[in-house]
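**Q** Spelled out, the chains give:
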Amino acid sequence: MAAVLQLSQVTKAYGALRALDGIDISLPDNAYISLLGPSGSGKTILLRVIAGFETPDSGSVLFKGERVEAVPPHRRNIGFVFQNFALFPHLSVAKNIAFGLENRELNPITDSTVVRARVKDIVALVGLTGLEDRGVTQISGGQRQRVALARTLITEPSLVLLDEPLGALDANLRTRMRAELRTIRERCGVTFLHVTGSETEALAMGDAVLVLDRGRIAQADDADTVYNQPRSASVARFLNCYNLFEGQLSNDEFVTSVGKFPLQGQKADARGQPAYAIRYDRISVRPLASPVTAEEVRLEGTFIADEYSGAAINSFFSLDDGRVIEVESHLSQAAPQTCVPHSRYALVWKRQNALVYA
Amino acid sequence: MQASGTKLALGIYTTLFLVFLYGPMVVLAILSFQTGPEGGPQFPIIEWSTYWYKHLFGLTPPTRIAPLPIEEALVRSLLLAVMTMIVSTVLGVTSAQAFRKKFTGSGFAFYLIVLGMMVPGVLVGLGMALVANALGVDRHWWGTTFVLHVVYTYPFAFLVMLAILNRFDQNVEEASWSLGVSPVKTFRKVTFPLIFPGVLSAMLFAFTLSYDEFSRTLFASGRDLTLPLAIYGTFSVEVHPNVFAFGVLTTLFSFALLGTYAALMMLSIRRARRVAIQEEA
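Chains as they are written, first to last, in our numbering: chain A, 56 to 413; chain B, 153 to 433.
In case anyone wonders, no lab produced these hints; they're calculated from the structure.
Nothing here was measured: the structure is a model prediction, and the numbers come from that model.
You may find that some hints are simply not true.
Said to hold, decoys possible - Think about it this way: if two alpha-carbon atoms lie no more than 25 Å apart in a straight line, the pair counts; the simulated DSS-like pairs of lysine-lysine are:
no.	chain 1	residue 1	chain 2	residue 2
1	B	Lys341	B	Lys253
2	A	Lys315	A	Lys405
3	B	Lys254	B	Lys159
4	A	Lys119	A	Lys150
5	B	Lys254	A	Lys150
6	A	Lys175	B	Lys341
7	B	Lys253	A	Lys150
8	B	Lys337	B	Lys253
Claimed, not checked - Label pairs and their in silico Cβ distance ranges:
no.	chain 1	residue 1	chain 2	residue 2	range
9	B	Ala250	A	Gln61	42 to 48 Å
10	A	Pro144	B	Ser406	28 to 34 Å
11	B	Val299	A	Arg130	39 to 45 Å
As the list claims (entries may be wrong) - Computed footprint of chain B on chain A, listed as stretches where at least three residues anywhere in the stretch have a Cβ under 8 Å from a Cβ of chain B:
no.	stretch
12	151-162
13	276-288
14	336-350
C-beta: ideal position from N, C-alpha, C; glycine also.
The shape of chain A in the complex, shown without the other chains (with noise of 0.2 Å):
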């Protein structure tokens, strides 16, 4: 697959903070990338060095194979979609999706029967058909999201930058939109960088999942890769769905403050902190008499509560130390132990299940 955008050694300050510190990526052509970064990772400001609104102090943004560092935004032909949606207040439905073709520098388009056919195409594609007279403070938050989405589709860019933009919808909606991002990509072929806080959407929407921490990219793979073999402790952090101890890498065990953790042939990844990580769904619960086997590590905590959440449970359990860990039991497998308030239960995982970085 051809790049459509290569970044590399991309970097920009903000007095002493760097906000993008070396960043490289490659974005192919066709696909939905998401990236994954909490707030104060550096992602709009990203996002916007690729759009143009900020120029890199340093390193290089080639898009198509050209570079485009010191080309202004209404010249790069990449497509924006706000997490507002910015949308113009003062025009209808029809005129915000007809407003690239008709304005543009590069061969705008003046035939208004044209231009009619071509909004209709597009609102029919977004599912808007019926609302082109609005204006758009008339219609509802997801509404708005597909006018955003068809304004800058009509314009056919290459890549189309999306800065969280199922933060402001309510979260049925979001579900919802999720599935008509993909479909709606799909369909017109272009390559989408989908900017998100949010882990579930990040793993949900991206054919590759890029990770960002303190300006710099800390893993770049596949959704399924990303959620089972994070490449640092931060990007573990960022999953939620980890338990992390910190501590030291010392022969083949990792010393914690609540115990040292036997390992079982990790290769430790020399990123980041160290840390020992067990995902939460790796951890069973059972009363502290039960045996445990020799691949097995165990520790012992209080429960405090837990949340149902239909398919799973995920219960809460404190340590000696006072650190809470999380336990997740799906309920199709099996009924989870039923656990008593202020008593104490054994957590065991494989040893194999763990993840090591030092």
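Since chain A is already given, all that's left is putting chain B on it; use the hints.
**A** Below, chain B without anything else, positioned relative to chain A:
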């Protein structure tokens, strides 16, 4: 008990406030209907009449009371106000646009602009007269006075636009750029329509401030007087109710201006809404 006492006090205060605010205007309006030409600018009203209004337009038989020498002054003042309005608004919009990005010396430039409305008018007027004399430049309402009016009204237009642009969502412009629309066209098609209500306010400010500006004009204008100066000139001889009649007419004119402004505002707000109402009907 406490509450009603406060209410009463506030009521009295507000009434007094309104009386002081509108009292003089009401008195002038009443006196403008004094009979003429023997009736003077004082109570009681001898007889109600529109004599002084007719006198203003030269529709009465000639008497010893000369018609107000304002015809040319009125035209001059209106022209001057329109010129000032255009230049100040253009300057205000463009410079406020420039201030959206911090540039070197922006703080200094800000105070420099705002200085124009802070410095006492008499001083600026006198200073302009002295400078004009020293340089050998003739003083005219369309020259020295015009410059002073712009210096005075430009900060108002600038501040109005600064407040408007402060609340302006820059993403909307960026969205337009990312659609391939050049910054100049974006300003014309997106930014300007959105800040238009602010531009109207800036124009209104500039026009009204220039139209009745007195102290700066007093020294800076040459032989040809503007309206405020012409009216003041008539006071020095003898005051007749024709001045009041004229005052009433200009007030009505100002109301007409405000009405136009309000109508334009309403239109620009309704434009978006109208479509939706049709949709629901």
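**Q** Does each hint fit the structure? Answer for all of them.
**A** Quick rundown of the hints versus the structure:
As the CA atoms of Lys341 (chain B) and Lys253 (chain B) are separated by approximately 21 Å, the hinted pair is consistent with the 25 Å bound. This hinted pair checks out: Lys315 (chain A) and Lys405 (chain A) have alpha carbons roughly 14 Å apart, not beyond 25 Å. As the CA atoms of Lys254 (chain B) and Lys159 (chain B) are separated by approximately 48 Å, the hinted pair breaks the 25 Å bound. Straight-line distance between C-alpha atoms of Lys119 (chain A) and Lys150 (chain A) comes to about 30 Å, which puts the hinted pair past the 25 Å bound.
Only pairs whose Cα atoms come within 25 Å are accepted, and Lys254 (chain B) paired with Lys150 (chain A) is rejected, the gap being roughly 33 Å. Distance hint between Lys175 (chain A) and Lys341 (chain B) is fulfilled; the C-alpha atoms sit about 22 Å from each other, no more than 25 Å. Taken as a hint, the Lys253 (chain B) and Lys150 (chain A) pair is broken in the structure, with Cα atoms around 29 Å apart against an allowance of 25 Å. For a cut-off of 25 Å, the pair hint linking Lys337 (chain B) to Lys253 (chain B) stands: about 19 Å separates their Cα positions.
Between Ala250 (chain B) and Gln61 (chain A) the Cβ separation comes to about 36 Å, which falls outside the hinted range of 42 to 48 Å. Take Pro144 (chain A) and Ser406 (chain B): their Cβ atoms lie about 31 Å apart, and the range 28 to 34 Å holds. Evaluation of the 39 to 45 Å hint for Val299 (chain B) and Arg130 (chain A) yields a pass: the beta carbon distance comes to about 41 Å. For a cut-off of 8 Å, the count of residues in the stretch 151-162 of chain A with a CB near a CB of chain B stands at 6, and the three-residue condition holds.
With 0 residues having a beta carbon nearer than 8 Å to a beta carbon of chain B, the stretch 276-288 of chain A misses the requirement of three or more and the stated coverage is violated. Using a Cβ-Cβ cut-off of 8 Å, 0 residues of the stretch 336-350 of chain A lie near chain B, which falls short of the minimum of three, so the contact claim is violated.
Hint violations for this structure: numbers 3, 4, 5, 7, 9, 13, 14, all remaining hints satisfied.
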